[in-house]
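Quick mapping for you: the protein sequence lines, in order, are chains A and B.
Be aware that the first sequence starts at 4, since it is given in this note's numbering, and climbs by one per residue.
Be aware that the second sequence starts at 4, since it is given in this note's numbering, and climbs by one per residue.
Fair warning: there could be bad hints in the mix.
[What the hints assert, rightly or not] List time: in silico DSS-like cross-link candidates among lysine-lysine, alpha-carbon distance up to 30 Å: (1) K427/A <-> K551/A; (2) K459/A <-> K205/B; (3) K367/A <-> K427/A; (4) K367/A <-> K205/B; (5) K531/A <-> K551/A; (6) K367/A <-> K534/A.
Derived from the structure by calculation, the hints contain no laboratory data.
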Amino acid sequence: MKIEPQSSSEIIGAAGADTEYAVEAVDLSFTYQDGVREALRAVGFKQARGEMIGIMGASGAGKSTLAKCLNRIIPEFEGGSFSGAVSIGGRPLDGLRVCDVAADVGMVFQDFEAQLFSTNVAHEVAFAMEQIGMDRATMNQRMTPALEAVGLRGFEHRDPTSLSGGEKQRLAIASVLALSPRVIVLDEPTTDLDPEGKAEVFALISSLRERGLSLIVIEHETEELRRSDRVILMREGAVISIGPPAEVMTNLELLEQSGVHPPSLNRALAMLGIGGHAESVDEAYSAIVRAYPRLESSGRSIAPEPEIAPAQTSSAAALAAVEDVSFNYTGGPRVLDSVSLAIAPGDFLAIVGQNGSGKTTLAKHIVGLLRPVTGRVLLDGRDRAGLRAAETAREAAYVFQNPDHQIFAATVWDEVAFGPRNFKLAPDEVERRCVEVLDAVALLAERESDPFLLSKGERQRLAVASVLALRPRLLILDEPTTGLDYREQRRMMSLVTELNRSGIAIVVITHTPWLVAEYARRVALIRKGRKLFDGGVREFFADEELLKTASFRPPEVTRLARRFGRLALSPREFADWVKERA
Amino acid sequence: MPLYRYIERDTFVHRMHPTVKVIALMVMFWSVYWVDNPVALLPLGFLLLFIAVITGSSGNFYALRWLFIILITSTTLMWMATYRPGPAMVHMPKVNIRKASILFGLGKGIKLAELLAASVLFISTTKVEEFTIGLAKLRVPYRVGFAVSLSFRLAPLFVDSALTIVDAQRLRGYEFGEGSIFERMRRYATVAIPVFMGALRKANSMAMALEARGFGRLARPTTYIDYPFRPADMVAFAALFAIGAGYFLIYWTGYGAVVA
Chain A
4 MKIEPQSSSE IIGAAGADTE YAVEAVDLSF TYQDGVREAL RAVGFKQARG EMIGIMGASG
64 AGKSTLAKCL NRIIPEFEGG SFSGAVSIGG RPLDGLRVCD VAADVGMVFQ DFEAQLFSTN
124 VAHEVAFAME QIGMDRATMN QRMTPALEAV GLRGFEHRDP TSLSGGEKQR LAIASVLALS
184 PRVIVLDEPT TDLDPEGKAE VFALISSLRE RGLSLIVIEH ETEELRRSDR VILMREGAVI
244 SIGPPAEVMT NLELLEQSGV HPPSLNRALA MLGIGGHAES VDEAYSAIVR AYPRLESSGR
304 SIAPEPEIAP AQTSSAAALA AVEDVSFNYT GGPRVLDSVS LAIAPGDFLA IVGQNGSGKT
364 TLAKHIVGLL RPVTGRVLLD GRDRAGLRAA ETAREAAYVF QNPDHQIFAA TVWDEVAFGP
424 RNFKLAPDEV ERRCVEVLDA VALLAERESD PFLLSKGERQ RLAVASVLAL RPRLLILDEP
484 TTGLDYREQR RMMSLVTELN RSGIAIVVIT HTPWLVAEYA RRVALIRKGR KLFDGGVREF
544 FADEELLKTA SFRPPEVTRL ARRFGRLALS PREFADWVKE RA
Chain B
4 MPLYRYIERD TFVHRMHPTV KVIALMVMFW SVYWVDNPVA LLPLGFLLLF IAVITGSSGN
64 FYALRWLFII LITSTTLMWM ATYRPGPAMV HMPKVNIRKA SILFGLGKGI KLAELLAASV
124 LFISTTKVEE FTIGLAKLRV PYRVGFAVSL SFRLAPLFVD SALTIVDAQR LRGYEFGEGS
184 IFERMRRYAT VAIPVFMGAL RKANSMAMAL EARGFGRLAR PTTYIDYPFR PADMVAFAAL
244 FAIGAGYFLI YWTGYGAVVA
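So here's chain B without its partners, still in its complex pose (with noise of 0.2 Å):
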């Protein structure tokens, strides 16, 4: 699946100035780290399927359906079985079932949840030069900026050859998928050589063709579109401060943790 998904949809989210997505995507992450209690966080997850849905990026959502259900269930089983606050539920031989365990667990595997769902949502909304531009708005260097959208561009080319060359060694008879699991680490280490080679010849053509096309004359080039900041755009940042504040509120009286 191709890393960067933008969709390409007219709705208020997608007109966002480039900057309140970015500072969006922020926040999102903020509020989530000082909560951990599920109910706490139901809100916030609500909150993003909804703009999931009025913005079209649902689909990018069920592409990673089993990511979302893997992180949520298997944290909540790990802290289940490490983190053992109160007294126990139900008293089995060697497990014992803590209602603070599951909801602890639960917490933590809607908050992966809910910061991997906001950058899906982040990068089904926002174009790389968007994202490049919200960058710089934050003041964040132009050259940093580009190279790090750039990275979602790449990135799934290089996915794309470790798949070939590992076709290649197994052509060769290489079975990636024989012994202990280090043994398979080990075999897929084979394909590190290859895929490294590639990317530095990929880098070095790309940034070749870069400075061909100008890149790095201008400390801040000019933008093709422009981006005002609309009325919208201050009632957005109004509400993202208001969320923002909202969860940190929510930590500092002591609703948001599990166990006081």
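Chain A with its partners taken away, still in its complex shape (with noise of 0.2 Å):
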């Protein structure tokens, strides 16, 4: 389908043309240097004072590029053919530097590990006010509310590698408020951050919004984007509309055919014939019960469920188990703490738990990576003391959150062969192997490509590959679609669930609650080391108790079936409830 962009003129802000705007762009256009069509193509908008705009899209729609014009890295630091004009609180930006910018538009960034530069935080929000001249005192000022209005007041002296990555993220959004800037940027804030952190950053984004401040917020959870002022979805680089959230989030359509996740209350509400657009899980219920009065609940908690419980493994019959394992790096605390954890032939296990909370250091004893203190590890019903990770990598796989770690050869069929060959299999079975895996990740017609020029989706499923050819029997997924789009999210997950069906047992590290509502059959739950759950999907979001000790927050349709009574997964099997009781 081919997308016609919006002209500017189409695209006029919230507020009225003799107002002073916080952001004006007129006709906006690049194309990088190494590109081969346009990354934007003629974006304009208007952001009123104190408006929140939220920007939605796919990966490669344009949303970033859009931010780095805001703030001038785009021309100046990202080499490229650019056109078209940015006002920041009514003062052209043509021909400055992106330093000259920072005092009016603040960005953060989403990798809150490469925005930070000091050893302490106060030194940190200092780092901006003394890179654009300011005075000790006017510095010393502005620290403090800095500080408090992202809730690390008393931090001051704190190491920011010691800060969890909400507070991180919190605190590159304290450097930029001490600047005072006409507008705030941030691109994807949340993406690297666990449910805990994201939750942090989402409450300071709505306070900031609340103190007026103008903010531009790039995100892939539309639902966090509900309460924006105006959202403008974008694809292929062009803005293809532009509105209040209730007008564009109720496009369903429109957002699928984007790469965009639908809010899944409006999902919900739209498969019941009622549409319109639920800003909250109350607004959503109570026009389900206008909708549908017989169904107004009793109020009653909800009732167990028959589900068929994953069969208990023993350690014995489990494809691998973890016995009793408890760990800690020299010298550090307790990073496992007595977990026992089995995995049976075709599994799909999905792996939960705050950052930090020992999930991957779990995964890492499981394919030999590390080794227990106290407890053991068996694979296939052999101790795997004394087993190097090499040695059974054929058995037990692990694919790292970030697919550059693997990463490493000319081409796409070098990085999927050199597993084989390690191995040292004959070459027509190397070749018959790399033709099944690519295929099966759909990257076979990119077998001469360098997998550095893939997108992240692609390189991710990659990373599968690579170790696919090798044919695990379990196949261990870190954070598999962090960083993704809705549409490459969906993609792979519907790859491993492929590979399930295929005989592979699968673990899956992940922070999104959907992913484990919609894929996976069992949860397990570690906290600060432990294993606090284990079981059924259903009967995990379930506990409300435990989700909430967990600070796991279930898909909000699994919110909203709770009201009434009901445990439902999806917004299809809430609809189907819902028409039949009804």
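Take each chain as given, in its own frame, and dock them per the hints.
Printed below as a string of structure tokens:
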């Protein structure tokens, strides 16, 4: 489908023409130096002072490119062909350097590690103020309010590396707040955070909005953009829809076509023929009760539902098992504390928990990258003590969170062939396996491509293919959907489901509730190194107390169904139940 | 172990002006440079250890204890084998042990250990920001000083990344420990590509974030913390001058050499 961008004149901001705008972007177009197509095509919008604009779109839609145009990273930092104009608070940015715009446009990036430079929190907040030449008295005046706004007062002397992900991102926001910029642009600020960190940052964004700051928030999680004044939907470098969330987020077909996850409440309302936009679970509940009065909740708690509980597997019969495993790094605190877990052939297990809870450490024990301090790890009934990781690579495979930690070869083909060649398989067997797995991950056409030039989603699939070529019986994927857009997430999980159907046991470490709800059959919850839960997915989502303890928010549609005393894991399941009852 | 291990304390060394700390590091290097005699080097070694104790930095020294031991013993042995001045004390079929070669080797070992100790002491008592300011006051361009100090923060990230990549390759059946030393080195070279690509990406993201925070706008940015030059700094400066001059004098008079 060909997408026609809306012209700038059609995309006028909420405020009147004579109002001073925080941002005015006119006909922005940009093509990266090595790009074959325009990354931005005649994009324009106006943002009134104090307005919050959310930007949605699939990877490659042009969201980050647009953000970079607002503080001159494009065209000053990124090479390419640029046209158009940006004004901030009525001041045209033409000819300015990125550093000249820093005081007007505060930019917060996705990678929080790459935007912290100092040895303590106070120095970090002061850094940007120092760079623009602010005097010491003003810096001191601004320091406390900035830290207070992000809830980090009292952290002045803490080393930023010792903060949690959410705290680091809040610190990055404090450092731009201290400059009192005219607009703050947040480019996917929660992508690398766990649910707790995400909640912290979204709560902060809400509070900044209430204080009347002009905000532009780029985000994959559409549900978090519902309270924006307006949202912009981008696709292939163009703005294809702009307006209030109630307008844009109810065009579910357009959202799906654009690779954006439609809010699950709106989906449920549409499936029920009610339609419209729900900003919260309460709003959706009221709309459904109005349409289906007989459904009103009796106030009872969720009735236990019949569920085929995952069969308990003994360690001896398991494909992999950890028995009473404890672990700590030399001189460090305990990372795993008496954890036992058995993975049966054909299992589909989701391991969930906050960052630092011990999920990855547990997985590394199973594949032999770490050895337990106490307890033991069994692979196919054999104690894996004494076995090297390389020796068991064909039994239990592990896909790292960052695909770039795995990829190194010059071509996609060589990348996949690396594993089989290490095991000295015959060339025709290596070829057979490469064709098989590249076909499975839909990368066969890219066999001669340079892996580093693939998109993040493609690199993630290549990383999976490169371990699949060893034909493991157990595949562990560490946060395989982090940084991927909705379409790529679906694609990745469909691939994983297919592999599971073909007989491979799957373990997915994830923070994404809807992935757990819709794909896994069993959940293990790890908290502070201890296993708090191991059982069926429905049982997991039915246990409100447990979810609260683990700060794990179920999908919104699950919370909506709960209001009716029912457990539903997807909009379809909920809508079917409502229709049946009504 | 993180490369930059600043120890938060409030001692006179921590409070010293950043420029004096940078000069102190230079003076330590200067003093060690002129002298080979272990007896002449020992006072400097004791001074560094004393400062390590009073600044609470001994934990960082302890963490590197094996590196200190390996530096001193391996250097001593190497010079004993290759440097043979004067008459031998002990005659053996292939090894002649000479007093001068032992002293010379030991001196070289202590020199390296003291260079390391001075560096450890510096990073234990100096924040990255102070390092940048110290260099800037010595007329090193701010951008250069900042890049040098930032590299201390980045190095451990790249080491972590390299270790993860090694794990990823091992999990695909790649045995890093197989073959001769050269074969092993060749095998580890496969790690260089993803580390390099990762470093490039990280450097690009950091450069972007730095400019977005205004880095590069001023040749000499202001500083959040005031670092006044106090009388104690003058005293420290005078003491450092005396140490530097003293060691040059030891060299000049010939007492710094093992063999005349």
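Structure-based check of all given hints:
1. Simply put, K427/A and K551/A have alpha-carbon atoms about 50 Å apart, too far for the 30 Å limit, and the pair is violated.
2. Taking the CA atoms of K459/A and K205/B, the gap is about 15 Å. The hint holds against a cut of 30 Å.
3. For the given pair, K367/A sits about 25 Å from K427/A by alpha-carbon distance, which is consistent with the 30 Å threshold.
4. At most 30 Å may separate the alpha-carbon atoms for a hinted pair to count; K367/A and K205/B meet this at roughly 25 Å.
5. Between the alpha carbons of K531/A and K551/A the distance comes to roughly 15 Å, so the proposed pair stays at or under 30 Å and holds.
6. Distance restraint check for K367/A and K534/A: the Cα-Cα separation of roughly 16 Å lies within the 30 Å cut-off, and the hinted pair is therefore satisfied.
Hint check: a violation occurs at hint 1 only; the rest are consistent with the structure.
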